[in-house]
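Student: These protein sequence lines map, in sequence, to chains A and B. According to this note's numbering, the first sequence is numbered sequentially starting from 1. According to this note's numbering, the second sequence is numbered sequentially starting from 1001.
These are computed hints drawn from the structure, not numbers from a lab. A couple of the hints might just be wrong.
[To be verified] Dumping the calculated DSS-like pairs for lysine-lysine here, alpha-carbon to alpha-carbon at most 25 Å: (1) K13/A / K58/A; (2) K1002/B / K1205/B; (3) K1205/B / K13/A; (4) K1013/B / K1264/B; (5) K1256/B / K1150/B; (6) K13/A / K1264/B; (7) K1264/B / K264/A; (8) K150/A / K205/A; (9) K264/A / K1150/B; (10) K1013/B / K13/A; (11) K94/A / K58/A; (12) K94/A / K13/A; (13) K1058/B / K1094/B; (14) K2/A / K1256/B; (15) K1094/B / K1178/B; (16) K1058/B / K1256/B; (17) K1205/B / K58/A; (18) K1094/B / K1205/B; (19) K13/A / K1002/B; (20) K1094/B / K1002/B; (21) K227/A / K150/A; (22) K1264/B / K1178/B; (23) K94/A / K2/A; (24) K13/A / K2/A.
[To be verified] One-sided and incomplete, this derived list gives chain A residues near chain B with beta-carbon spacing under 10 Å: (25) M1; (26) Y8; (27) C10; (28) L11; (29) K13; (30) L16; (31) E26; (32) I32; (33) M33; (34) H34; (35) D119; (36) D121; (37) N173.
For clarity, every value in this text was computed on a predicted model and none was experimentally measured. Every residue gets a Cβ at the ideal spot worked out from N, C-alpha and C, and that includes glycine.
2 protein chains.
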Amino acid sequence: MKTFLDCYPCLLKVGLTAGRKASASEAQQIAIMHQSLEVLHSIDPALTPPEIAYLILKIAAEVTGDGDPYREDKHRSTEQALDLYPHMQALIAKAEDPLDTAIRISIAGNIIDFAAADDFDLWGTVERVLAAPYAVDDRPAFMETLDQAKDILYLADNAGETVFDRLLIETINAEYGKPVTYVIKSGPILNDATLEDAVQADLDKIATAIIETGSDTQGTILSRCSKAFRERFDRADMVIAKGQANYETLNEAGSKVFLLLQAKCPVLGRDAGAPVGGVILSQASERQPGG
Amino acid sequence: MKTFLDCYPCLLKVGLTAGRKASASEAQQIAIMHQSLEVLHSIDPALTPPEIAYLILKIAAEVTGDGDPYREDKHRSTEQALDLYPHMQALIAKAEDPLDTAIRISIAGNIIDFAAADDFDLWGTVERVLAAPYAVDDRPAFMETLDQAKDILYLADNAGETVFDRLLIETINAEYGKPVTYVIKSGPILNDATLEDAVQADLDKIATAIIETGSDTQGTILSRCSKAFRERFDRADMVIAKGQANYETLNEAGSKVFLLLQAKCPVLGRDAGAPVGGVILSQASERQPGG
């Protein structure tokens, strides 16, 4: 997804917020704001929002000297999600359609997003997403692809959301007997899950393997990922990709890619055809000619 | 009130939104965004938000060639408010404390603000504000000043809100027998009331006079107002000033100034000591030394 002009105000916030998380002084906050304005003024408008956010978050990291200001938030999010784990597991166990319930729970977990808000009603979101109609519903294609798939990659989004992912992976294991490889970022960016966060959520015990993208950008910008990961991505016959940044970077990555998320802003909502808060399970398209 | 770093994202939106109201092409929208970024990068941080918004709104006007993109919104807001006028009049007529009810209704009208949102639940806001506790409550000083006042200026904010102002002015006339001069902007800026809007709301029949600030900035930046208006302002012994921009520009203009508004953003809320949506009747302070 390209960066729309409506994304600029949010992009201007992301560095300031990360800087404050890192206890930036007033002078440091001003420096972050000024350099963020310069980035927005000079960027290639063909970049996706995560590519621009990356530049701005690196400014905040350089100015404050703290490249991982969300580490405590990430740890706490995972703890909160783990507290809910048995309750969500029980919901799936008694569900008429366990896979659909697990998909919805995985999407509910996408509410944990420090780029969009600073706190979340986790259980309230689970209940809402379980009851909501899908705003974008490519479940038939998802089921068909899952039926055929032998090699499934699951691209993580945020720490804490990992616990919700784990429930979907456990359900895929149990219902379809299919192994799933879990993919995390190679370095900290916002509250995106890194290896430490995935291990805190016990993904190492559930997934066939945990591998890294080779990149520390939000979403999955294949050109910035390691060669090893790109080959792994190409080889997979199904990719389940979580969250808004993966939507923004992979929504034209081909029909084996499925984007599971909540629309957390009106710009993405318009692009995906969903209201804010809408539950999205969207099959990616093939890249547009010239796109 | 100074401009906080948190104001920057909103200021970046204001030009784009005004440009779109004026049917800006994609290229014009990009030009507005780029020039807005330049303004934010180069401004004197001591300016108030309305002073910066003015620069950005003038960019949108220059790029699109439309200096009054909100004229239809203004007209429609006034019509909608006029529809509610008899109902609000009835509420005041049967109120135990008609002045307090009229003050609250005047503050409720401050929800009409195209800088903050694109549509409003007018009657819902009236009911909410009538029932809400004041977040900032300088009514005792307001009453005392009103008791003594001989020459009252009432600084308008937005078109449509004018109808709500009219009810407060009518109540001051009826309960206190005091004449009130109504003050509007000298030219269009966002949806701020100009002479035409005040006349559409029949303020010319209620106020002693309608006068202009001599400026087309939001709020009341005295240094940019006409000499005639500044003298009139100095001479008045009570100033009732409506809305967020008047708060931002007059909150240190002295104890005869009373700011009536709803906090429509967290930055102003923090400054005033009110939550977002909070009902504010605040006596301005004397200008800080060096401020």
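Student: All hints are to be evaluated individually against the structure, with a verdict given for each.
Tutor: Now the hints, each set against the structure:
Of the supplied pair hints, the one linking K13/A and K58/A holds, its CA atoms being roughly 14 Å apart against a limit of 25 Å. A threshold of 25 Å between alpha carbons decides the hint, and for K1002/B with K1205/B the separation of about 37 Å lies outside it, so the pair is violated. Restraint check for K1205/B and K13/A: the C-alpha separation of about 46 Å exceeds 25 Å, so the hint is violated. Straight-line distance between C-alpha atoms of K1013/B and K1264/B comes to about 15 Å, which keeps the hinted pair within the 25 Å bound.
Between K1256/B and K1150/B the CA atoms are separated by roughly 12 Å; this keeps the pair inside 25 Å, and the hint holds. Straight-line distance between C-alpha atoms of K13/A and K1264/B comes to about 18 Å, which keeps the hinted pair within the 25 Å bound. With a CA separation close to 21 Å, the supplied pair K1264/B and K264/A stays within the 25 Å bound. Distance check on the hinted pair: K150/A and K205/A sit about 20 Å apart at the alpha-carbon level, within 25 Å; holds.
As the CA atoms of K264/A and K1150/B are separated by approximately 53 Å, the hinted pair breaks the 25 Å bound. Distance hint between K1013/B and K13/A is fulfilled; the C-alpha atoms sit about 12 Å from each other, no more than 25 Å. Under the criterion of a C-alpha separation no larger than 25 Å, the hint pairing K94/A with K58/A is inconsistent with the structure, at around 45 Å. Under the criterion of a C-alpha separation no larger than 25 Å, the hint pairing K94/A with K13/A is inconsistent with the structure, at around 42 Å.
Simply put, K1058/B and K1094/B have alpha-carbon atoms about 45 Å apart, too far for the 25 Å limit, and the pair is violated. Between K2/A and K1256/B the CA atoms are separated by roughly 52 Å; this puts the pair beyond 25 Å, and the hint is violated. Only pairs whose Cα atoms come within 25 Å are accepted, and K1094/B paired with K1178/B is accepted, the gap being roughly 21 Å. In summary, the hint linking K1058/B to K1256/B is not supported, as the alpha carbons are separated by about 32 Å, beyond the 25 Å threshold.
This hinted pair does not check out: K1205/B and K58/A have alpha carbons roughly 60 Å apart, beyond 25 Å. Using a Cα cut-off of 25 Å, the hinted pair K1094/B and K1205/B holds, with the two alpha carbons roughly 23 Å apart. In summary, the hint linking K13/A to K1002/B is supported, as the alpha carbons are separated by about 18 Å, within the 25 Å threshold. Under the criterion of a C-alpha separation no larger than 25 Å, the hint pairing K1094/B with K1002/B is inconsistent with the structure, at around 41 Å.
For the hint linking K227/A to K150/A, the alpha-carbon distance of about 22 Å falls within 25 Å, and the restraint holds. A threshold of 25 Å between alpha carbons decides the hint, and for K1264/B with K1178/B the separation of about 31 Å lies outside it, so the pair is violated. A C-alpha spacing of about 41 Å is found between K94/A and K2/A, which places the hinted pair above 25 Å, so the restraint is violated. A distance of roughly 19 Å separates the Cα atoms of K13/A and K2/A; the hinted pair therefore holds under the 25 Å criterion.
A least Cβ separation of about 16 Å between M1/A and chain B goes past the 10 Å threshold, and the interface hint is therefore violated. The restraint placing Y8/A at the interface with chain B holds, with a minimum CB-CB distance near 6 Å, inside the 10 Å limit. Look at C10/A: its Cβ gets to within about 7 Å of chain B, closer than 10 Å, so that hint holds up. The beta carbon of L11/A is positioned within 10 Å of a beta carbon in chain B (closest approach about 9 Å), and the interface hint is therefore held.
Here the hint on K13/A is kept, as its CB sits about 5 Å from the closest CB of chain B, short of 10 Å. Because the closest C-beta pair between L16/A and chain B is about 6 Å apart, less than 10 Å, the hint holds. For the restraint placing E26/A at the interface with chain B, the shortest Cβ-Cβ distance is roughly 9 Å, inside the 10 Å limit, so the hint holds. Contact between I32/A and chain B, as hinted, is supported at the beta carbon level, the nearest pair being about 9 Å apart and thus within 10 Å.
Look at M33/A: its Cβ gets to within about 5 Å of chain B, closer than 10 Å, so that hint holds up. Given the 10 Å rule on beta carbons, the hint for H34/A holds: about 6 Å separates it from the nearest Cβ of chain B. With a cut of 10 Å, the hint placing D119/A at the interface with chain B is violated, because the nearest CB-to-CB distance is about 14 Å. Annotation: D121/A was flagged as interfacial toward chain B, and the flag is violated, the nearest CB pair being 18 Å apart, outside 10 Å.
The restraint placing N173/A at the interface with chain B is violated, with a minimum CB-CB distance near 43 Å, outside the 10 Å limit.
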